[in-house]
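Keeping the supplied structure of chain A fixed, place chain B with the ligands upon it in accordance with the hints.
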Amino acid sequence: MAETRQPALAISLARVGRGFVALLEEFGYYLALVVESFFWIVLGPSRRQPVRLSAAVQQMVEIGINGLPIVFVLSFAIGVMLAIQGIHTLKQFGAETQVVLGIALSVTREFGPLITGILIAGRSGSALAARIGTMVVNQEIDALRVMGINPVRYLVSPVLIAMLVMVPLVTLFSDFAALLGGAVFCNIELGLSYAAYWDQSTGFMTTDDVLQGLAKSVVFGVIIALVGVTNGFAVSGGAEGVGKSTTRAVVLAISYIVLADMAFTYFLNR
Amino acid sequence: MSSGAAIEVDELVTHYGSRRILDRVDLRVEPGEIMVIMGGSGSGKSTLLRHLLGLQRPTSGSIRLLGMDITASSPAELQALRRNMGVSFQGGALLSSMTVAENVMLPLREHTALDEQTMQIVARMKLEVVNLGGFGELKPAQLSGGMIKRAALARAIVMDPKLLFFDEPSAGLDPVVAADLDELIIKLRDTMQMTIVVVTHELDSAFKIADRITVLDHGRILLTGSVDEVRSSRIQRVQDLLNRRPREEEIDPDDYLRRLTGG
Ligand SMILES: Nc1ncnc2c1ncn2[C@@H]1O[C@H](COP(=O)(O)OP(=O)(O)O)[C@@H](O)[C@H]1O
Ligand SMILES: [Mg+2]
Chain A
1 MAETRQPALA ISLARVGRGF VALLEEFGYY LALVVESFFW IVLGPSRRQP VRLSAAVQQM
61 VEIGINGLPI VFVLSFAIGV MLAIQGIHTL KQFGAETQVV LGIALSVTRE FGPLITGILI
121 AGRSGSALAA RIGTMVVNQE IDALRVMGIN PVRYLVSPVL IAMLVMVPLV TLFSDFAALL
181 GGAVFCNIEL GLSYAAYWDQ STGFMTTDDV LQGLAKSVVF GVIIALVGVT NGFAVSGGAE
241 GVGKSTTRAV VLAISYIVLA DMAFTYFLNR
Chain B
1 MSSGAAIEVD ELVTHYGSRR ILDRVDLRVE PGEIMVIMGG SGSGKSTLLR HLLGLQRPTS
61 GSIRLLGMDI TASSPAELQA LRRNMGVSFQ GGALLSSMTV AENVMLPLRE HTALDEQTMQ
121 IVARMKLEVV NLGGFGELKP AQLSGGMIKR AALARAIVMD PKLLFFDEPS AGLDPVVAAD
181 LDELIIKLRD TMQMTIVVVT HELDSAFKIA DRITVLDHGR ILLTGSVDEV RSSRIQRVQD
241 LLNRRPREEE IDPDDYLRRL TGG
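Those sequence lines, one after another, are chains A and B.
Residue numbers in the first sequence follow my numbering, run continuously in steps of one, and reach 270 at the last position.
Residue numbers in the second sequence follow my numbering, run continuously in steps of one, and reach 263 at the last position.
Excised from the complex, chain A in its bound form (with noise of 0.2 Å):
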């Protein structure tokens, strides 16, 4: 090979010139997904191929109602967490009291939505991929395609829908769980009651605050759905290829949302 003569700078930089192109063409592909999607989701019906809606009500099950036990627990902790952390640093302030803002805050815009989206794409985006990988490796893709269904509106567009509904709607519930976790720490605490707790975490948060955090959630949802739905396309080389995807798709997801995240909160705090 000619590349064997060139020189480690040369064949660094190329490789590194690889990656970028590669990782464009992934993102070129995930917006071409998006758009797709939401072609079928709004055109399907006027064009006889209507997306089912059945589908995205299991979906949404599965993603939202079946996470909710552990999305319930994490949260809870990270509120008692907070509540924890924020108490010890006030303290040195004789400020203590505070941390009922510190938590709201916190939690509406950072921790609800971070973590639900987490927990989601753990759940929910390692299923999706390994669910059309096998597909994929069962050659049932191929059968949707010569069937003359198209598997994104098959597939995809179902996932997408109960994604931006349902990542949102966690986050909710995870914002309360984790605002009832501080809650419960400060009652003990502070013997701050939870009136009085409600009372000023609703004084002191506002609306943006916590659709702030519902945005969020919205992108995580679409980056869960996305990748989730690309590596399992991308599968190839039998059972093997699904369980690599799977784990791909996972940190792939997490990476994605917590960047997502950083870029979010940077400009929204500008």
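Derived from the structure by calculation, the hints contain no laboratory data.
Fair warning: there could be bad hints in the mix.
Said to hold, decoys possible - From the structure, some residues in chain B lie toward chain A, with a derived Cβ separation under 8 Å:
1. L53
2. L55
3. Q79
4. R83
5. M85
6. V87
7. F89
8. G91
9. A93
10. L95
11. L106
12. E110
Don't be surprised by glycine CBs; every beta carbon is placed ideally from N, CA and C.
Okay, now just chain B with the ligands, sitting in the frame of chain A:
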């Protein structure tokens, strides 16, 4: 051009990456005939089938199905054509989340305005055709290999397609079950006048069902002819395949050396 052939492939060339898989393949299938595409493993049978099904785009050449060139057609045209095509994939490719009956009904649900009860009746009828009456409520995972293939066949014929494709119908089945499936394929041609393309490497099955056979080897067509013509062919590679003789690789010394030294 439109000379009445059900399938007409012209000078088809395809690549995976830079590797040429099919090399100027020509193929003509007449309405109502069973054409068997035969060849050793890796000869390009599945690749040819995927192109016939419009699942992959060729490098060059044309593929006419029922008179329409699918390499140049719009998605809507292809969509319309697909209602006239049925496929039975090697592993069945039934949707594992649905029952057998729901699988069979799927094309009806997506492409027709039939009411639920009518669809169920049609699905039951098709399941009877493939001798699976009464198995509709089972999930694919509960079926044996032979039953899965027959259920996939029921789904493939539910829209009464003009073209029917099989990928390795007898692969992985015991001889008796495989023979049943062969009978079924012949019955479909006789009773429903379907044009059928079967991809297989099983000689017995090929000779039993074929009206004509195309022999594919390393991406090229060696020969197309009747069963007798193929049997009596004097082409060495065809005889090797028929007698299951391994291919004798001609080794180019330079090439061999280059491979060894990794240069
Ligand atoms: N997805 C793929 N990517 C790269 N090469 C492939 C792929 N599928 C098949 N091939 C290659 O194409 C050739 C023909 O394969 P295939 O059409 O599956 O043959 P057959 O069905 O006759 O066994 C083989 O050499 C195979 O390695
Ligand atoms: Mg094959």
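Structure-based check of each hint:
| no. | hint | result |
| --- | --- | --- |
| 1 | L53 | 5 Å, holds |
| 2 | L55 | 6 Å, holds |
| 3 | Q79 | 5 Å, holds |
| 4 | R83 | 6 Å, holds |
| 5 | M85 | 6 Å, holds |
| 6 | V87 | 5 Å, holds |
| 7 | F89 | 5 Å, holds |
| 8 | G91 | 6 Å, holds |
| 9 | A93 | 4 Å, holds |
| 10 | L95 | 6 Å, holds |
| 11 | L106 | 7 Å, holds |
| 12 | E110 | 5 Å, holds |
In summary, the structure agrees with every hint in the numbered list given earlier.
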